[in-house]
Every structure is written in structure tokens, then in C-alpha cells.
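Going down the list, the sequences are from chains A and B.
Residue numbering for the first sequence follows this note's numbering, starting at 1 and increasing by one per position.
Residue numbering for the second sequence follows this note's numbering, starting at 1 and increasing by one per position.
In short, the hints are calculated from the structure, not lab data.
Treat the hints with care, since some could be wrong.
[Said to hold, decoys possible] Derived SDA-like pairs (lysine to any residue); straight-line CA-CA distance at most 25 Å:
{"id": "1", "chain 1": "A", "residue 1": "107", "chain 2": "B", "residue 2": "191"}
{"id": "2", "chain 1": "B", "residue 1": "191", "chain 2": "B", "residue 2": "35"}
{"id": "3", "chain 1": "B", "residue 1": "199", "chain 2": "A", "residue 2": "86"}
{"id": "4", "chain 1": "B", "residue 1": "217", "chain 2": "A", "residue 2": "11"}
{"id": "5", "chain 1": "B", "residue 1": "217", "chain 2": "A", "residue 2": "110"}
{"id": "6", "chain 1": "B", "residue 1": "212", "chain 2": "A", "residue 2": "27"}
{"id": "7", "chain 1": "B", "residue 1": "217", "chain 2": "A", "residue 2": "94"}
{"id": "8", "chain 1": "B", "residue 1": "217", "chain 2": "A", "residue 2": "97"}
{"id": "9", "chain 1": "A", "residue 1": "108", "chain 2": "B", "residue 2": "35"}
{"id": "10", "chain 1": "A", "residue 1": "117", "chain 2": "B", "residue 2": "207"}
{"id": "11", "chain 1": "A", "residue 1": "104", "chain 2": "B", "residue 2": "207"}
{"id": "12", "chain 1": "A", "residue 1": "117", "chain 2": "B", "residue 2": "214"}
{"id": "13", "chain 1": "B", "residue 1": "512", "chain 2": "B", "residue 2": "532"}
[As the list claims (entries may be wrong)] Non-contacting residues of chain B with respect to chain A, defined by C-beta distances greater than 10 Å in every case (computed):
{"id": "14", "residue": "111"}
{"id": "15", "residue": "216"}
{"id": "16", "residue": "374"}
{"id": "17", "residue": "565"}
Glycine residues also receive a C-beta, built at the ideal position from the N, C-alpha and C atoms.
Below are the chains, spelled out letter by letter.
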Amino acid sequence: MPKRVLIVDDAVFMRGLIRDAFSSPDFEVVGEASNGIEGVEKFKELKPDIIIMDIVMPFKSGIEATREIRQLSGSVIIIMCSALGQETLVMEAIEAGANDFIVKPFKKDEVITVVSKFIK
Amino acid sequence: MHENEYRYLFISEVRDHLVEIFAQINKIQEVGVIDDSILFDLFRRFHTIKGMANTMGQLKIGELAHMLEEGLEYIRKNPHSIFSFREAIIRGVNAISAEIDNYEKGIPFNSDSVLSEISHLFHGIKAKLDLDIRDVESVLQKKDLSGLFEIHFEVDVNSRLPAVRAFMLLREVSERLTVVHSNPSCEMLKKGIRPKDIKIYVKDKPDSEWLKTLEGKIGEIRFVSSELFHVKDENKMKRMVKFIRVPFERIEELTTSLDELVLFWNKYRYSLDEESLNPNIQRLEYGFKKVLNYAERLRTVPASNIVPKLIVLTENTARSLGKNVRLVVQNDSLEIDKSIIDRLEEPLMHIIRNAVYHGIEDKEERIRIGKDIVGEITILFKEDDEYISIVVRDDGRGMNREKILNIAMEKGLLDKDVAQLKDDEILELVFVPGFSTLKDVDMTSGRGFGMDIVRNVVWQMGGDIKISSKEGVGTEITLQIPYQFGLKKVVVGVIRGFKYAFPISNVRYILKKSDVYINYEGKFLQKGEEKIRLLNYRYTEAVFFIVCSANNSLVAIGIDDVVFVGETRLYKVPYILKSNKFINSMIVMQGICPIPVFSVEHLT
Chain A
1 MPKRVLIVDD AVFMRGLIRD AFSSPDFEVV GEASNGIEGV EKFKELKPDI
51 IIMDIVMPFK SGIEATREIR QLSGSVIIIM CSALGQETLV MEAIEAGAND
101 FIVKPFKKDE VITVVSKFIK
Chain B
1 MHENEYRYLF ISEVRDHLVE IFAQINKIQE VGVIDDSILF DLFRRFHTIK
51 GMANTMGQLK IGELAHMLEE GLEYIRKNPH SIFSFREAII RGVNAISAEI
101 DNYEKGIPFN SDSVLSEISH LFHGIKAKLD LDIRDVESVL QKKDLSGLFE
151 IHFEVDVNSR LPAVRAFMLL REVSERLTVV HSNPSCEMLK KGIRPKDIKI
201 YVKDKPDSEW LKTLEGKIGE IRFVSSELFH VKDENKMKRM VKFIRVPFER
251 IEELTTSLDE LVLFWNKYRY SLDEESLNPN IQRLEYGFKK VLNYAERLRT
301 VPASNIVPKL IVLTENTARS LGKNVRLVVQ NDSLEIDKSI IDRLEEPLMH
351 IIRNAVYHGI EDKEERIRIG KDIVGEITIL FKEDDEYISI VVRDDGRGMN
401 REKILNIAME KGLLDKDVAQ LKDDEILELV FVPGFSTLKD VDMTSGRGFG
451 MDIVRNVVWQ MGGDIKISSK EGVGTEITLQ IPYQFGLKKV VVGVIRGFKY
501 AFPISNVRYI LKKSDVYINY EGKFLQKGEE KIRLLNYRYT EAVFFIVCSA
551 NNSLVAIGID DVVFVGETRL YKVPYILKSN KFINSMIVMQ GICPIPVFSV
601 EHLT
């Protein structure tokens with residue numbers, strides 16, 4: 001069964017890029033959200049296996065959203081999507097419960113490589 | 001203890017700390033990333049100086065140390081600030097150094113302006129800092145790492161967020177093990193340093209297999225080792241060694257007595273034939289050599305002792321000229337006889353001052369010609385069988401042959417036809433007395449220290465000075481000093497009734513006349529296929545030939561007899577007695593007049 005992916009990013013462009021990265025039979029992008037609040041809602045609704053989460057987003061940051069989601073589920077894989085120079089934010093996200101991170105700009109296969117570390 | 005003794009102890013201990021402090025500051029310059037342990041070491045030393053100074057009633061010195069201590073605490077919390085503070089710290093340390101000199105001479109505190117400047121500089125910091133003594137104490141406690149296990153990971157150099165990888169590793173490890181300390185710490189990682197290594201100190205023996213699995217789990221890290229922590233750092237080692245202060249004269253007395261003993265021993269040993277060499281005598285000889293070895297080590301100090309002054313000099317000279325110059329020090333852990341180091345201090349200072357002044361270009365010029373804006377002077381200490389060498393190299397403009405010739409002509413120093421001068425001979429003109437330009441005199445405040453004196457000092461020590469330079473690339477000056485107090489194995493031969501010694505490291509073999517074919521006309525002797533140049537070919541009565549190698553070629557010297565082979569001490573031929581460059585040193589044996597030692601390099 002393909003792993004179910006939720007993409008949370010305020011940039012349409014980035015969402016498209018990440019969606020493309022998951023265009024394989026092993027994954028299925030089940031939903032997208034454009035801010036932290038929506039991200040948490042979509043998580044509750046869709047129960048994805050994997051979340052790709054932007055850090056800086058309007059209304060609720062990726063870090064906040066990660067903290068809330070982690071309280072709801074210990075098993076969901078949360079991968080932060082960071083830019084260079086956001087070391088401190090990424091560290092905060094990891095403290096909040098994120099599993100790993102990718103750095104923008106990234107190649108498609110990098111996304112899969114990082115995610116694969118967490119899929120048995 | 002008498003008050004004066006306290007005074008002496010205080011002065012000498014502060015000076016010891018200052019040497020180490022400069023060495024640590026120098027590391028900061030080299031490494032770029034600040035190692036927590038360096039800051040801690042500096043911190044501890046300022047703390048000690050402060051305590052001692054206040055006890056001695058030197059409150060202003062104490063105040064200086066206190067400010068530096070606080071500055072460091074700030075740097076520890078904001079590692080990137082080190083580069084802006086480095087200069088202020090150096091100024092503070094210089095001031096302490098100067099005030100200790102003043103205190104020794106009985107001159108009152110004279111650095112009020114520095115004190116207020118640094119105070120002003122650190123004032124803004126202080127507010128942010130709000131130094132909490134408990135915090136400092138916890139730092140002190142944390143750093144006792146003995147008995148802990150050290151886990152070492154490397155972070156992939158290609159990692160784009162290495163700090164985050166290190167952070168993830170730290171979290172992962174602390175979930176399973178009791179982490180007492182790490183370098184870098186989480187706080188430092190959050191400040192944005194880019195770690196190459198991470199060392200984590202834990203209480204219980206970690207499972208290496210598990211640590212290895214973290215490579216895959218976290219990514220972009222590599223497990224290096226996990227072992228019981230032991231102190232590797234040299235400075236930490238020193239801290240654990242107990243010292244006893246002995247006046248240098250006493251050590252000199254000891255080594256001089258040993259010198260006499262060695263002469264006597266050699267004479268006695270030489271008088272024995274092989275049969276009378278019983279085990280007791282061999283044991284005695286073995287023990288004797290051991291004692292000599294220890295005695296030699298008593299006289300040596302690490303080259304790093306001289307480094308602080310050179311760094312300060314580089315920076316001060318550079319600052320006064322508006323240049324940016326960095327002094328890079330290599331292999332300064334080399335142990336060198338104290339008397340050598342002491343005598344070379346002034347010459348080295350002069351060479352470095354020259355390099356900053358004449359060698360390194362202005363900032364503007366360096367940018368224009370595409371060099372790094374920061375000029376670099378490298379000082380390298382090395383040793384081989386015969387010499388201690390100190391190389392000072394700069395990446396400046398190099399020497400212009402034409403300019404040197406012009407100066408030499410203007411000053412009437414040239415009596416040779418200019419056209420006849422070889423390239424390196426032109427460079428050597430800088431060593432001619434009177435060559436130094438007026439500016440030099442200004443700079444050294446009329447002390448009259450020029451390159452000619454540098455060369456004289458080196459020559460007096462039986463050494464040599466070499467200079468090479470490439471325009472636009474830089475200049476390199478090498479001081480070569482023979483070990484003055486080293487035991488050397490020599491072969492003593494007799495030529496026409498006179499004894500001469502040859503360092504055994506140069507002697508390839510000794511041939512009997514009957515074993516070789518000698519062509520006196522052609523000035524060579526032949527052994528099998530090999531033709532060897534015979535130096536004293538006029539001396540046809542020679543019975544043996546000592547074949548020496550140096551500079552990759554062989555020369556033979558005809559002798560009548562070999563009278564001694566063994567270890568002895570070399571003494572430098574005093575400069576005033578030097579008649580030629582073939583003889584730099586001599587050996588002294590009891591009851592006979594000094595025997596000259598051939599400097600074989602110069603023979604080939």
C-alpha cells in the first residue's frame with residue numbers, strides 16, 4: 001500500500017515541486033495545506049503517514065503545527081522543509097517533534113531519500 | 001615565606017600564564033572556530049591572575065584580568081563575537097604583561113587609559129551578560145571530564161545544515177545516555193557554528209554498535225570512536241604536571257659538571273681495550289648516557305615560549321602601519337635549548353618586524369594584485385640531526401634585486417663589479433653592515449639592530465642564515481643553528497700529526513690505502529666502480545681515507561690514523577677564532593688541545 005503524504009507549505013510552487021517528488025507508486029499525496037492551522041486540521045482529517053512541513057508559514061508556523069501534531073500522533077513522520085540559514089528554527093522544529101529535514105532548494109530524489117530513512 | 005618570595009612567585013606565575021594565554025589566543029587565530037576548551041582555559045587563567053593580583057594588592061592588574069574574564073564569558077555565549085574581541089583581549093593581555101614588568105621594576109600602574117578603553121568596550125557587553133557566578137561554577141564543574149566516555153562523530157563536510165545534524169545527534173544520544181558535556185554544546189549549535197566534529201561526554205560506557213546505527217538514522221554524520229576520555233591536549237597535560245622552580249644557573253652548573261664528566265669518561269673509555277669492557281662498565285656507560293639525556297632535557301623549553309612576543313609584535317607593528325598581518329606558527333612544540341631560544345629572540349623579532357614593514361604590502365595593494373587582504377607570516381621550527389632551523393616566510397612583495405643594488409651602491413657598500421654578482425649574492429647584501437635603511441632605524445627606535453647583527457648572532461652560535469625571495473611572492477629567511485649542547489658521535493683522525501674530528505653522521509666509511517686505487521693526479525680515489533673526490537690529494541703519505549657524504553656527494557680525506565670513535569660534546573668555535581667556514585665546532589678532550597670538527601657540508 002502506498003504511503004499517504006500530506007504537504008503543508010504556503011507556496012503553491014513548493015507544493016507542486018514536493019508533489020512531483022512523490023510521483024511514485026510507493027507514495028500517494030492525499031492532501032495539501034497552505035498554513036499551520038490548516039495543516040493540523042488536514043492531519044486530523046486525513047491521518048497521513050508522512051507530512052512535509054514548511055517552517056515559516058502564516059497564521060501558525062510549521063514548528064507550532066509540528067508540536068500539536070506530534071501530541072496527536074507519535075508515529076507520523078514529519079519532515080521539515082527549510083531554507084539555508086534557518087538552523088536554529090530547524091533545531092526548534094526537531095525539539096517540537098520533527099523527524100528530519102530537507103533544505104531548499106532540493107532535488108526530487110533527496111526528498112525520497114530522507115523519507116525512506118523512516119519507512120521500514 | 002618572605003614577602004619578596006611571594007612577589008617573585010607572583011610575577012613568574014603570571015608570566016607563565018601569559019605565555020599560555022598568548023598560545024591559546026594564537027590558536028583562535030588559526031582554527032577559526034572556537035574550541036570551548038580554549039575559552040575555558042583562557043577563562044581559568046584570567047581568573048587565577050585576578051586572584052593573585054588582588055592578593056598582592058595589585059588591584060588594577062586584578063581589574064584588567066577581571067574585565068578580560070568577563071569578556072570571555074560573553075564570547076563563550078556568543079562564539080562569533082570572538083573576532084571582534086580578539087584585539088581588545090590582546091590589548092588587555094599586553095597591558096597585564098607590561099604592568100607585571102612595571103611591578104617588577106617598582107614602577108606604578110601605567111595602563112589606566114587601556115583599562116578605561118577596555119572597560120568602555122566591555123561596558124555594553126556587561127549589561128547583556130549579567131554574569132551569574134553560579135553559571136560560571138557550573139561551567140567549571142562540567143569541564144571535569146575524567147572518568148567519562150568520549151563519543152566522537154564527524155559531520156559530513158557536504159552537509160548543508162551541519163549544526164542541525166549535530167543537534168539531532170546530541171538529542172538522540174541524550175535520550176539514551178547521560179550526557180554530561182558536549183563540544184559543541186546545544187547552545188553553541190544554536191548560535192550558528194558549523195561543526196566538523198562533535199564530541200559527547202557520557203557517564204556510562206556506550207554501545208558502539210548502537211552509535212554506528214545513528215549514522216543511518218540521522219544521516220550526514222560518521223561515527224569515529226567511543227572511548228574512555230583521556231587528556232590528549234598538551235595544555236591539559238601540563239596542568240597535571242607539578243613544577244618546581246629552579247634558577248637556570250643551577251641547571252647550567254649541573255650541565256657544565258656533566259660536560260667535564262663526559263670528557264673524563266670518554267678519555268677513560270677510550271683507554272680501555274675491548275677485553276676490559278666488563279658488564280659493570282657497560283652498565284655504567286648506559287646509566288651515564290641516560291643521565292646526560294635527562295640533563296639535556298632540563299635545558300630545553302618549547303619554542304612556543306617565544307611565540308607570544310612574536311605575535312604581539314606582528315600585530316602591533318601591523319596595526320601601526322594600517323596593515324593586516326597574521327602570524328602562523330608551525331611546530332612550536334619543538335623543544336629547543338633555552339640559551340638558543342633566548343639568543344634568537346631579538347633576531348627573530350627583527351626579521352618579523354622587517355617582514356611586516358617591508359614584505360607585506362598595504363591592504364589596497366594586496367587587493368589590487370589579488371592577494372588575500374590579510375598578509376601571512378609563517379614561522380616554522382624544525383630540527384634534524386645537526387641543526388635547529390627556524391624559517392620565517394612571508395607572502396609579501398618579495399625583494400627587488402635592483403632596489404637592493406641601488407641602496408648598496410648609494411651607501412658605497414659595493415666594491416665588486418655589479419654584473420658579477422649572482423642572484424643570491426645580491427640578496428645577501430642586506431646582511432652587510434650599514435645596509436639597513438633609515439626607516440629601519442626609526443622603527444627599532446635607534447637600537448641599531450639590523451640584518452647584519454642578525455647574521456652575526458647566528459654566526460656566533462656557529463649557525464648560518466639563508467635568504468631566498470621571489471618578487472611578488474614573498475621572502476623566506478632560514479636560521480640554522482647547530483645543537484650547542486648535543487652529544488655527537490665523531491671520528492677523530494690524525495693528519496700530519498694534527499687531530500681532526502668528523503661527525504659520524506657524515507662518515508660513510510673508512511678505507512685502507514691498500515683497498516683502493518688512488519689517482520693523485522686526477523685528485524680522486526677509486527673503490528670498485530666508484531670514483532670519490534680526494535680533497536687532500538697532495539698528502540700522499542695518508543694510510544686511511546675517511547669517506548664523507550654530504551649534499552648527496554662523497555669526498556675522501558686522507559689521514560694517518562683513527563684515534564677515537566665515540567660520543568662527545570661539540571663546542572662552537574667562537575666567532576673571533578673562526579678562520580674558515582670548514583670548521584664551526586670543536587671537541588675538547590681532557591689533556592689535549594681542542595680538536596676542530598670538520599663541517600662536511602662545506603667540504604663537498
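Hints and how they fare:
For the hint linking residue 107/A to residue 191/B, the alpha-carbon distance of about 28 Å lies beyond 25 Å, and the restraint is violated. The hinted pair formed by residue 191/B and residue 35/B meets the criterion: a straight-line CA distance of about 14 Å does not exceed 25 Å. At roughly 23 Å between alpha-carbon atoms, residue 199/B and residue 86/A fall within 25 Å of each other, so this suggested pair holds. With a CA separation close to 29 Å, the supplied pair residue 217/B and residue 11/A exceeds the 25 Å bound.
In summary, the hint linking residue 217/B to residue 110/A is supported, as the alpha carbons are separated by about 15 Å, within the 25 Å threshold. Straight-line distance between C-alpha atoms of residue 212/B and residue 27/A comes to about 29 Å, which puts the hinted pair past the 25 Å bound. Distance check on the hinted pair: residue 217/B and residue 94/A sit about 14 Å apart at the alpha-carbon level, within 25 Å; holds. Restraint check for residue 217/B and residue 97/A: satisfied, since their Cα atoms lie roughly 15 Å apart, inside the 25 Å limit.
Among the hinted pairs, residue 108/A with residue 35/B is inconsistent with the structure: their alpha-carbon atoms are about 37 Å apart, more than 25 Å. A hinted pair counts as satisfied when its Cα atoms are at most 25 Å apart, and residue 117/A with residue 207/B qualifies at roughly 21 Å. Between the alpha carbons of residue 104/A and residue 207/B the distance comes to roughly 35 Å, so the proposed pair goes past 25 Å and is violated. Restraint check: the Cα-Cα separation between residue 117/A and residue 214/B comes to about 11 Å, which is no more than 25 Å; the hinted pair holds.
Distance hint between residue 512/B and residue 532/B is fulfilled; the C-alpha atoms sit about 14 Å from each other, no more than 25 Å. No Cβ of chain A comes within 10 Å of the Cβ of residue 111/B; the nearest lies about 40 Å off, and the non-interface call holds. Remark: the non-interface label on residue 216/B conflicts with the geometry, its nearest Cβ contact in chain A lying 7 Å away (cut-off 10 Å). No beta-carbon of chain A comes within 10 Å of the beta-carbon of residue 374/B; the shortest separation is about 26 Å.
Consistency note on residue 565/B: stated as away from chain A, and its beta-carbon is indeed over 10 Å from all of that chain's, at 68 Å minimum.
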